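Protein chains in written order, with this note's numbering: chain A, 678 to 994; chain B, 29 to 372.
No wet-lab data here; the hints were simulated from the structure.
Wrong hints could be hidden among the right ones.
[Claimed, not checked] Interface residues of chain A toward chain B, partial, derived using beta-carbon atoms under 10 Å: (1) G824; (2) S836; (3) N914; (4) I917; (5) V935; (6) I940; (7) G947; (8) A970; (9) T971.
The structure presented is a predicted model; accordingly, all values stated were derived computationally and were not measured.
Beta carbons: idealized from backbone N, C-alpha and C, even for Gly.
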Amino acid sequence: MQRYIIQRLILSLPTIIGVSILTFVGLRVVLPQDVIDTIVGEFGRNDPELRKNLEEELGLNASIPKQYLTYMTGVLQGDLGESLHNGRSVTSELKRRVPISVELGLWAQLTAIGASVPMGVWAAVKQDKFPDYGLRSLAILLNAVPGFWIAVLVITFGSIWFNWAPPIKFKTLTEDPIAHLKIMLTPALIIGLTPSGGLIRLVRTQMLEVLRQDYVRTAHAKGLSSATVFYKHALRNALIPVVTVVGVGLPGIIAGTVIFEQIFVIPGMGRYLVDSVNIRDYPVIQGLNLVFATLLIVSVLLVDISYSFLDPRIRYR
Amino acid sequence: MAVQELGGIAEIEGWRPERERSFPARFVLGLVNFARRKPLGFTCGLIVLALIIVGDLVPATGNFLYHVAGTPFGGGYDSVSTALTSAEGKPIPYVASFIARDRYDQNHLRERLQGPSSKYLLGTDELGRDILSRLLYGARVSIIVPFGAVLISEAMAASIGIMSAYYGGWVDKIFQRVVDIFQALPGLVVLITILGIFGSGLWQLIAVIGVLGGPPGSRIIRGQVLSIMASPYIEAGRVIGAGDRRIMMTYVLPNVMALIILGSTIRLGGVVLLEASLSFLGYGLPPPFPSWGQMLSLQGREYMRSAPGLAIYPGIAIGIVVFSYNLLGDALRDVLDPRLRGSR
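Bound conformation, chain A alone:
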């Protein structure tokens, strides 16, 4: 078990390094406009002295590999650079914003699993009856409809019918837990809807597969109530492959948080990304891309490791 985890950790290192090189090259080398020009603006464009000073200050006169090494040394020490726009440290800004986005993503994931597992089980138990057809249609529908459209509908018709609007002022969990959860609730529910389409279908097929097994028949035959059979014997085994799909759905959840932070005005990483892309704040964008990718890699890793906990067969591969 330990060996498996260490192996996976070592394998994910080159990926993270590769991503860091990619973001570095993408945002330092192949830029459409010069960083210095962005900083000095129209007035200082023809001032070579200013340009030289700035280049030295930002370390841009070194060779590209050396710049990369300097950058990575900083990253490893927890320093992602400073914003070109307001000079704030990217790291301290991220410290505030990462927990918010991660929390939103976790709530969304919980919604997806919490909604789709019971529905999938119900569809499997009532195979080829009305609930099954209804839930399968729902799953296909959820797969086809973009999450942000549901959000737009909720906001529009919420305001028309109930005079409801999503709260605008953000409160952190420590400030005001109830207001905080109120803000998080709607976006988390809607982000969770999109992946649950696929999850319902998967839980259903897995359940059907497991329900055909001999040990389920045995459990029925020895007189256990069907609830015990379904939830204790069948569901546990049916859920194992579902974990992998949770891993596959993670990029979707991240994309969901980025979009929904715009709609519901939540000051997380996604909002930071869009704001800084719009004002071309390159160090922030670079740091954010790196952090997003690392988060994705780490969470996929966690999912895989938990999979190997659940299914001992995986470890011996």
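Following the hints, position chain B against chain A.
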């Protein structure tokens, strides 16, 4: 000698070898068979076909080729990029411009935010533009972007997958690490970054979405090619002296073609959703050209209160397109890939 004798016997018995059916006949028969086995998938295929016609994929491709052929030295770059977004003066006329009541940017400022009427079937938006016309023109983005992007990503996936599995060794290792990196990229974040910094447009959308989707899709093709490489006909090909390229192109590629087609149909719906999200966030085609995601975007939120149709119709359009792509993909998968049959 023996064959002639056999022929003689067959003639005596009145037996004739069954004539091979012509290609169109086989094609039609296959379609009928598909319609009978998967009625829902077939219907969705028809919807996709209708959208391809309304979305002007055929004239757009034709015009694109015409422009490329007409201006081989880059002089007409501008006209190439406008080939898809403008509707007039093109050698092949666009369908949407015939069906739609207005052009997509034609506004009637006296008739803003109207409800459905016989003049404007789905009402008008905040600038008095006919919503139905805008939806029809918007179909172009939801057809051309997914087909273009999937073409790019499947071409990449196929070449990476085949080369990786064929050469093996360090080529395989390097390709797999690159694929790992691409798989670790959070798609939408990277797209926002690239399109936000380098500017967005039809070609940028197609290229970036396509390239990002390519390497991750190569995994499944690589697996298939690995099993193909073990089969005897590859060895036979080697023995008769076929080179690397010949083996890859004529022995391996046709055998993974079904997988490539499946991969692309399954991916189409996802690309539509991705494009819609990007347009929704403001990184899609620049206005006034309509895209369904952009029609739902936040700028129009205050108008949606007074004209809820603005919030409803584009979403339904996206839903129908993605639904059709998904179900067509599922049906094709069930028909083409016997291993996955019934695994829905």
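To see whether the hints hold, each was checked on the structure:
no.	hint	verdict
1	G824	8 Å, holds
2	S836	6 Å, holds
3	N914	17 Å, violated
4	I917	16 Å, violated
5	V935	6 Å, holds
6	I940	7 Å, holds
7	G947	8 Å, holds
8	A970	5 Å, holds
9	T971	9 Å, holds
In this structure, the hints that do not hold are numbers 3 and 4, in rising order.
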